[in-house]
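Q: Sequence:
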Amino acid sequence: MWIKTIHGKFVFGLQKYQCEAQETNYLSLTNQLQEGYVSPRLQELCGYYSNRMSYEEVALLVERVSGERLLSDQKIRQIVSNKALIISQDINKTIAATLAKNDDKVVQVNANVDIYNPEEKEILLFDDGIQVKSQKAERQPKLDQSKKNQNLCRVKTPAIITDIVLLQKPTTKFEYIATPINANGEDLLSLASVIKAKILQEYGSQASPLNLVAITDGARTIRHRLLSIFGLEVTIILDWYHLCKKLRELMSMIANNKLEKAKHLKFLFSQLWQGNTAIALGYLKHQVQVRNLDKWQELIGYLEKHQHEIINYKRRSQAGKTLGSGRIEKGVDLTVGLRQKNKGMSWSRLGSRALSLLKVAELNGQWQQLWFPAPAA
0 MWIKTIHGKF
10 VFGLQKYQCE
20 AQETNYLSLT
30 NQLQEGYVSP
40 RLQELCGYYS
50 NRMSYEEVAL
60 LVERVSGERL
70 LSDQKIRQIV
80 SNKALIISQD
90 INKTIAATLA
100 KNDDKVVQVN
110 ANVDIYNPEE
120 KEILLFDDGI
130 QVKSQKAERQ
140 PKLDQSKKNQ
150 NLCRVKTPAI
160 ITDIVLLQKP
170 TTKFEYIATP
180 INANGEDLLS
190 LASVIKAKIL
200 QEYGSQASPL
210 NLVAITDGAR
220 TIRHRLLSIF
230 GLEVTIILDW
240 YHLCKKLREL
250 MSMIANNKLE
260 KAKHLKFLFS
270 QLWQGNTAIA
280 LGYLKHQVQV
290 RNLDKWQELI
300 GYLEKHQHEI
310 INYKRRSQAG
320 KTLGSGRIEK
330 GVDLTVGLRQ
340 KNKGMSWSRL
350 GSRALSLLKV
360 AELNGQWQQL
370 WFPAPAA
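Residue numbers (numbering that gives the first Met the number 0): 0 to 376.
Hints listed in this document are in silico derivations from the structure and should not be mistaken for laboratory results.
It is possible that part of the hints are untrue.
[Stated by the list, open to error] 27 Å max Cα-Cα, derived BS3-like pairs, lysine-lysine:
| hint | residue 1 | residue 2 |
| --- | --- | --- |
| 1 | 132 | 244 |
| 2 | 244 | 313 |
| 3 | 342 | 329 |
| 4 | 155 | 342 |
| 5 | 245 | 294 |
| 6 | 257 | 100 |
| 7 | 197 | 74 |
| 8 | 262 | 244 |
| 9 | 262 | 294 |
| 10 | 197 | 257 |
| 11 | 260 | 172 |
| 12 | 132 | 92 |
| 13 | 155 | 104 |
| 14 | 245 | 197 |
| 15 | 168 | 329 |
| 16 | 284 | 244 |
| 17 | 342 | 132 |
| 18 | 257 | 284 |
| 19 | 329 | 172 |
| 20 | 340 | 329 |
| 21 | 120 | 260 |
| 22 | 313 | 284 |
| 23 | 262 | 245 |
| 24 | 262 | 304 |
| 25 | 294 | 304 |
| 26 | 304 | 284 |
| 27 | 172 | 197 |
| 28 | 120 | 135 |
| 29 | 313 | 120 |
| 30 | 245 | 304 |
| 31 | 313 | 245 |
| 32 | 92 | 197 |
| 33 | 155 | 168 |
| 34 | 342 | 294 |
| 35 | 74 | 135 |
| 36 | 244 | 265 |
| 37 | 155 | 132 |
Bear in mind that the values here come from a model prediction, so they are computed numbers and not experimental data.
Just need the whole structure built from these sequences, with the hints factored in.
A: If you want it as structure tokens, here you go:
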């Protein structure tokens, strides 16, 4: 019997038995080890480095450590996927139990959080998504030039989107949150359900409404998710960086020239930094000579839509409080981007989501317990 470990591959000569007129051995009889068994430590090594290098590079690393070509890149990919599915079942079970226990409980949030008070304790929540290129369903044969020209308008393969949430815990540290997946890489639960359960686990015993503050990039899906969990009372802040980015992008197409663009942006930034959205809107409507009417209307609509999320960033900055979503931008890079958004890479849904789930567990400090659970007391 061959057994694969981090120290190499070993063959065991075991005492053989006759059972039902067939030859067998002790480990087979007791169902302890199967042929081709891969030790937990070797699996853990593969899982850890799979989020740092390609599967082929991990296979070469294993060969360098053990001295033998123990695992193929396909086998390592399978180890990662299998572990992610085990994690998902555990998350699904825990979340379902929490929601069942608190079936009628609504997460109460403070509708009047003093976001400018340096003494006011807040529970910060960040939510963002990241997309990677999806693999084609099946490889297409090479086309000659005439056929290529006929297929210029073909439908693109949809991207794989992974949503990541950062929730501040009572310890002030942050926990990464992602949805569990099934064998196809699809969500087992909605992200809203997982967020609600996590908040109930951390803050369910708190009697007073939570001073929850969500800082987002303004995406519609994120806003709808937050409203579905917390209702209209939730405090949402539009990230300053994304607000400035949107203004720069649209003003480049609205202003007649660079000088006008610079003048308009200087005024708009100074007003929005102080939360004067109405003044900024009035300036846009009456003081700007418009080159592109559609983009002008888009910018006005953007500011009107996010008016209640645009705060006095100057006052909040002076209070020493968080203005932007840089923490979650870094978070999605750590969980997905650094490994999966490299040139030429494309992913299956299961492959992409499995890697991100393992990275979430690692970032949450659950790695050792995940692979080598402590025995129950």
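Q: Run every hint past the structure and note whether it holds.
A: A quick look at each hint next to the structure:
| no. | hint | result |
| --- | --- | --- |
| 1 | 132 with 244 | 24 Å, holds |
| 2 | 244 with 313 | 18 Å, holds |
| 3 | 342 with 329 | 19 Å, holds |
| 4 | 155 with 342 | 18 Å, holds |
| 5 | 245 with 294 | 11 Å, holds |
| 6 | 257 with 100 | 59 Å, violated |
| 7 | 197 with 74 | 33 Å, violated |
| 8 | 262 with 244 | 16 Å, holds |
| 9 | 262 with 294 | 18 Å, holds |
| 10 | 197 with 257 | 48 Å, violated |
| 11 | 260 with 172 | 41 Å, violated |
| 12 | 132 with 92 | 30 Å, violated |
| 13 | 155 with 104 | 43 Å, violated |
| 14 | 245 with 197 | 32 Å, violated |
| 15 | 168 with 329 | 18 Å, holds |
| 16 | 284 with 244 | 20 Å, holds |
| 17 | 342 with 132 | 10 Å, holds |
| 18 | 257 with 284 | 19 Å, holds |
| 19 | 329 with 172 | 15 Å, holds |
| 20 | 340 with 329 | 14 Å, holds |
| 21 | 120 with 260 | 39 Å, violated |
| 22 | 313 with 284 | 24 Å, holds |
| 23 | 262 with 245 | 16 Å, holds |
| 24 | 262 with 304 | 24 Å, holds |
| 25 | 294 with 304 | 15 Å, holds |
| 26 | 304 with 284 | 15 Å, holds |
| 27 | 172 with 197 | 14 Å, holds |
| 28 | 120 with 135 | 48 Å, violated |
| 29 | 313 with 120 | 19 Å, holds |
| 30 | 245 with 304 | 13 Å, holds |
| 31 | 313 with 245 | 19 Å, holds |
| 32 | 92 with 197 | 13 Å, holds |
| 33 | 155 with 168 | 40 Å, violated |
| 34 | 342 with 294 | 32 Å, violated |
| 35 | 74 with 135 | 21 Å, holds |
| 36 | 244 with 265 | 13 Å, holds |
| 37 | 155 with 132 | 10 Å, holds |
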